[in-house]
Amino acid sequence: MKIRFGLVIALMMLLSACAQTGESSDSALTNLFVVTPQEPDARYQLEIAKLNEIVARDLELPQESRAELLYRRGSLYDALGLVTLARIDFNHALEYNPRLADAYNYLGIHYTQMEEFSYAYEMFDGVLELEPEHPYAVLNRGVNAYYDERIDLAIDDFKRFFEAQPDDPYRVIWLFLAEVENDPTAARLNLAKRRVEHGNTEWGWSLVDLMLGAIDEQTFLNGFAVRDLKPDETLAERMCETYFYLGKLKQLDGDFSAASVYFRLAMSTNVFMFLEYRYANLELQRSKQALEANSQSN
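For reference, each letter of the sequence shown is one residue, going -21 to -1, 1 to 277 in mature numbering (1 follows the signal peptide of the UniProt record, and there is no 0).
FYI, nobody ran anything at the bench for these hints, they're computed from the structure.
Check before you lean on any hint, since a few could be wrong.
[Said to hold, decoys possible] Per label pair, the in silico range of CB-to-CB distance: (1) E181 - N70: 35 to 43 Å; (2) Q264 - I67: 19 to 27 Å; (3) N179 - D104: 27 to 35 Å.
Using N, Cα and C, we set each Cβ at its ideal position, and we do this for glycine too.
With the hints as constraints, model all of the structure from the sequences given.
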């Protein structure tokens, strides 16, 4: 399909901005905006206490009801960063009700974090067998394939996820992160095209502009990182995303030292439920490995 002339001009402007990099990463890191870690939600802790009482007291609960209670408690543990307790509850919930798709989805995410990729595929495939239109299983399976370095599979899942809602900037970014592994030039062209065709005023699109080089690192931190903060959005949540994607950008630039700093900062926010928090440690380990490999080759 031919691209309209106006779209071509916009693409050229976005791509030309990639060459206009701003201040060095050292300068940006010197002026970092560091947030206070997000505190554990007291409401979650109170609900866990109530669920503990119900599970311990009502021994005659029907199996499906017990499964739902265990699943709910597991999701609360997960939100508080207590992943081992969460995993125990998800597995017990599935013993009582093997058709809990969301429990499989959580377990798949945990297996990806542990780099147990084969088990994670089993979990996500199980989700999609039970619930073919599950809103996040395709994304999570794509993330698993991405970290498993099965890039073609990741692109397939990310593309499917993107096509379901092309105006979501995070779907655009993850598809780009996979595509850039195969063909950096084509990936950036695709990213610019999607930015022009689907971009809107949502804050996440400024992350896309950052990836394109239309905004440099320091300008982004100074003027865009905390722009348009929503009433139900915390500063820690916003900066968890910011740090993570800045880390990915520095990886693409080959600056694994700066990337490691950003991933540590993403982890320091304690926004346990965010995808960006979940995989920051995995990204940190891979950045460290890249640094070690570079030092050995020099």
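The hints, checked one at a time:
no., hint, verdict
1, E181 - N70: 35 to 43 Å, "37 Å, holds"
2, Q264 - I67: 19 to 27 Å, "25 Å, holds"
3, N179 - D104: 27 to 35 Å, "33 Å, holds"
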